[in-house]
Structure formats: structure tokens, C-alpha cells
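Its first residue numbered -16, the sequence shown is counted upward by one per residue in the numbering used here.
To be clear, the hints were calculated from the coordinates, so they are not data collected in a lab.
Keep in mind the model is a prediction, meaning the values are calculated, not measured.
All C-beta atoms in this analysis are idealised placements derived from N, C-alpha and C, irrespective of residue type, glycine included.
As a list, the in silico SDA-like pairs of lysine to any residue whose alpha-carbon atoms are at most 20 Å apart: (1) Lys8 with Ala(-2); (2) Lys8 with Val(-4); (3) Lys0 with Val18; (4) Lys0 with His28; (5) Lys8 with Ala32; (6) Lys0 with Met(-11); (7) Lys0 with Phe(-10); (8) Lys0 with Asp12; (9) Lys0 with Arg19; (10) Lys0 with Gly31; (11) Lys0 with Leu16; (12) Lys8 with Ser(-3); (13) Lys0 with Leu29; (14) Lys0 with Asn11; (15) Lys8 with Met(-11); (16) Lys0 with Ala32; (17) Lys8 with Leu29; (18) Lys8 with Arg33; (19) Lys0 with Pro30; (20) Lys0 with Asp17; (21) Lys0 with Leu15; (22) Lys0 with Tyr13; (23) Lys0 with Asp(-12); (24) Lys8 with Pro30; (25) Lys0 with Arg33; (26) Lys0 with Ala10.
Here are the simulated distance ranges between beta carbons: (27) Leu(-14) with Gln20: 30 to 38 Å; (28) Asp(-6) with Gly31: 17 to 25 Å; (29) Arg(-9) with Gln26: 26 to 34 Å.
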Amino acid sequence: MGLQDMFRPVDSVSADKVREVVEHKSANDYCLLDVRQPQEYEQGHLPGARLIPL
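Modelling step: build the complete structure from the supplied sequences, incorporating the hints.
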């Protein structure tokens, strides 16, 4: 896998895929970004998610 492959754009990720990663990987192996608005994030977010609104 080349460096460019690590930074491919992703339009969306399914809930099942997120669950798979969160359940089977250490929190040090991934960074979960929440790109919603702060008000949406405050209403609820996944544990460990970091808010970076777009």
C-alpha cells in the first residue's frame, strides 16, 4: 500500500464497518472524526469521536 492509498477520499462509511473497527481495533489504531455541526455532536456521538465540523 502506497502513501496515496492511505489518503483516499471516502464519501461515507457504513455503521457496520464503524462497529467492526471499534470492536476489533485498539483506539490507538484509528481516529474517529465526527464532521457534523457542534449542536449535532452534543446531542450524541460515538465514544472517542473527535469533532471537526465541516
